[in-house]
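Student: Residues per chain, in single letters:
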Amino acid sequence: MSRKIIPFVVAFVLVCLVMAVSGVFAFSGTVSAEKFGADVAWSQPYNAPESMKIIDLTGDGKDDLFLQTTDNVSIWDENGNSLFNFGYAASKTTLGDVSGDGVEDIVVYYNGQGMSVDIIDKGQQKTIVTSLNIGAPSRVAIIRFASGPQIILGDNGGNLLSISLDGEPLWDMSIGNAEIRGLDDARINGQIHLAAASYSGVVAVIDSNGNPVWQYSQETLRRMRAFDLNADGNSEIITGGEYGALNVLSAVNGNILFSKTIGQAVSEVREVELNGDPSSREFVVGGKEGGVWAYSFNGSTASQMWSGSLSDKVNEIAGIDVNEDGKEEAVIGDDSGNVAVFTESGIRNNLPKRPGGITRIDVGRLGNERFVVVADLYSVEANKMKFSSIPGFQYAPLLVGVIVSGVILIIAAILASIPKKPELKVSFQDKSRESLEAERRMLKESIADVERLRKSGEVIGDAYLARLKRLRADLAENEAAFKTQGFPIKVETIQCPNCGGTLELGMDKCEYCGQVLLS
Amino acid sequence: MDALICVGGILFVGVLIIFFYLLNTARKKNSPPAAPGKKDYLPVYISLADKPLSIMQGMDKLRRDAQKMETAGDKWRWVPMIIFFAGVGLMLIDGILMLLGYSDFIFITGGLVLWVAAVVMARSLRRSDLQDFSPRYKGTKEILYTLRDDLRPNSTFLGHLDLTGAMLPTKVARTSKDAQDRTTEYFRDEWLALKAKLYDGNILRVSAIQKSKKRKSYWKRSRISGKMKMKPEKFKGTEHDLKVRIVANPEVYTIARASPTFKQGSSIGKYTIRQLNTEGGMITFIANSPFEEVEHENILQVLQSAYSLLQRKAA
Chain A
1 MSRKIIPFVV
11 AFVLVCLVMA
21 VSGVFAFSGT
31 VSAEKFGADV
41 AWSQPYNAPE
51 SMKIIDLTGD
61 GKDDLFLQTT
71 DNVSIWDENG
81 NSLFNFGYAA
91 SKTTLGDVSG
101 DGVEDIVVYY
111 NGQGMSVDII
121 DKGQQKTIVT
131 SLNIGAPSRV
141 AIIRFASGPQ
151 IILGDNGGNL
161 LSISLDGEPL
171 WDMSIGNAEI
181 RGLDDARING
191 QIHLAAASYS
201 GVVAVIDSNG
211 NPVWQYSQET
221 LRRMRAFDLN
231 ADGNSEIITG
241 GEYGALNVLS
251 AVNGNILFSK
261 TIGQAVSEVR
271 EVELNGDPSS
281 REFVVGGKEG
291 GVWAYSFNGS
301 TASQMWSGSL
311 SDKVNEIAGI
321 DVNEDGKEEA
331 VIGDDSGNVA
341 VFTESGIRNN
351 LPKRPGGITR
361 IDVGRLGNER
371 FVVVADLYSV
381 EANKMKFSSI
391 PGFQYAPLLV
401 GVIVSGVILI
411 IAAILASIPK
421 KPELKVSFQD
431 KSRESLEAER
441 RMLKESIADV
451 ERLRKSGEVI
461 GDAYLARLKR
471 LRADLAENEA
481 AFKTQGFPIK
491 VETIQCPNCG
501 GTLELGMDKC
511 EYCGQVLLS
Chain B
520 MDALICVGGI
530 LFVGVLIIFF
540 YLLNTARKKN
550 SPPAAPGKKD
560 YLPVYISLAD
570 KPLSIMQGMD
580 KLRRDAQKME
590 TAGDKWRWVP
600 MIIFFAGVGL
610 MLIDGILMLL
620 GYSDFIFITG
630 GLVLWVAAVV
640 MARSLRRSDL
650 QDFSPRYKGT
660 KEILYTLRDD
670 LRPNSTFLGH
680 LDLTGAMLPT
690 KVARTSKDAQ
700 DRTTEYFRDE
710 WLALKAKLYD
720 GNILRVSAIQ
730 KSKKRKSYWK
740 RSRISGKMKM
750 KPEKFKGTEH
760 DLKVRIVANP
770 EVYTIARASP
780 TFKQGSSIGK
790 YTIRQLNTEG
800 GMITFIANSP
810 FEEVEHENIL
820 QVLQSAYSLL
830 QRKAA
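In the order they appear, the protein sequences are chains A and B.
The opening position of the first sequence corresponds to residue 1 in this note's numbering, with each subsequent residue numbered one higher.
The opening position of the second sequence corresponds to residue 520 in this note's numbering, with each subsequent residue numbered one higher.
Be a bit skeptical, because a hint or two may be false.
Here are a few chain B residues that face chain A, going by a calculated C-beta distance under 10 Å [unchecked claim]: (1) 537; (2) 629; (3) 709.
Hints listed in this document are in silico derivations from the structure and should not be mistaken for laboratory results.
C-beta: ideal position from N, C-alpha, C; glycine also.
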């Protein structure tokens, strides 16, 4: 192929490659220029809430802000002003309609007259039971079993106590001997059961009578959440261990559907609908060293979508559709006060840093606008999220591809225009018979001269062979010139079939490579 | 943070290396002077078996072709640098986007691809660079030009001009070892061999040989630290031999035993006559020069002086 064509062929292949890659990036939508930001609507001091939720707790049809610490339960209005404020000791809370009025109530499990439970209904505090036979509060949940709702209390010794909505103890049991780390409702064939887990690593699914459906034990456990990830009426239970074990268990029988070790303690797990496709649900896992992983559950197992990181222990993960594209972004806060938005593809966008470690994040409508409320160690802040993107930026890879392709073609054209390197071994040969014969004599004289130098020890070894090889090659060229011109010639050289070196006719062994010759 | 600084530092050094590589390509920076006796010239080998005019025209053509290739490459030497800056420009777009709060790397990726393209092009352009022609190339042409009219009509110069290098491994004539087991290589480079039938019936054979000596690198234990250290190879000098044989036409010339200007031990230009034999109707001599380079004028001067031994017979 002509050396003028080769650069263009190579360039064509490269251009095709570049444009194909550009096309894949452009049309897969993986490239985008998006910017997330937040404007602070209001900020109020409040120390380290353990629980926070935007929800209507007053029954006025407008959402309020529920906040709870170990010693306080508060309800704030849309502007961050306190509506109700209750003091407690070592309290844990959950939300649910206990009174049946269609408005969520606050269930408070606390250390009062012994272990007690209060219901706060539209700001009205009512103690339903005291002196319960259970340890210090760790978790509380309202589980709406098919047989009726129950309040489940979990203490710091691994004990569970179920009470009715009017405070009547129903059943109790123990799962391990360390604090309860998770209480959630899990569905089996559409029927609600209790999923409970303790720090000692015991996970159990329990029916409405307090009988375990199954029980499973794993490494020391930090987090347990139950979600119906594939909407088949059977929940999946996600557990995260102290030493990095991440498991997805079937709520039906406790079979492990997915298991992975992430290399650091699991500090938080939340469901986030990252890809906007309800047929596959995603969940995001946060680690104690700041690692963030997103997984997609396809109905039978999970696969990792991306991984990222923050600077410190991940304290909270919230799924928020910031840009209103039908896909939730994961808003994640860490123990150093960093808040970041992770998109579907795992691209991290930082929001303004907070002075203290993030404790809770929630999204909802406060007043007429949607806010992201972020709570840290010192304050609670309502943020109006901002999102902007450059329209059409997804096609930027095509532009880059065209530029790169253009440069490649220019380079090919330049390289093709450079003439071939001249041959540096040249022969100026007169083709007349007399000249060729004279040249032949000269070459033979030179060969004889080299032989004489070898015998005298003046030129030996490789130098002798190299010189001889070159002279014999010239002799072969001379013979070829004779033949080309049609002059009779007695051929005196042969070529080594192995190394190609020219040898004198009749030699049995190549002097250059040692090949045995059968001529 | 330390890792970030480390990676950033490595990337910065990488960018600097690419930048200076392209800058040197653009400036056509010459390679640094080599050790004595090792200056690299264009490795040309020419078989001579033609009439003087054809040889000289061929030599001129070779020089022209080389020049043409080099000039064609030189025209585009700044292009890789421009492509490099185009890459920087693309990356700056991402920089600006980042300043505006958007995180994106597509233009940076494009810029990196352009840098790779720039390096590939620079490398190709550098490969089109040719070293200089050795002064011996021009000198040989001058010798052929000077002798052109002395050549018998319709006859040709025969021989070769070998400018591939005086100290190639294939030109190691012999080696020796000293008491400290250090190897010295002796090179023999017959860079010019020429045979010509002259107009007056004489036959002239000329061989110009460069003999060089080099001590190979070796390992030696330091007397102070006790560590093994590698001593680099050392060029130990070079000298030139000019071997000439003139077979005199007995019908035209008689050979004198000696001449006041041409006898053993006489200095002619840079050469000194070391051996001289005028027996058997031939003048055979070896002239030696301790100089690192011997110009063509010196060779012609020796040849001219050798003719003083020939005495034309009376008609």
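Student: Now tell me, hint by hint, if it's right for this structure.
Tutor: Against the structure, the hints:
no. : hint : verdict
1   : 537  : violated, 15 Å
2   : 629  : holds, 4 Å
3   : 709  : holds, 8 Å
In this structure, the one hint that does not hold is number 1.
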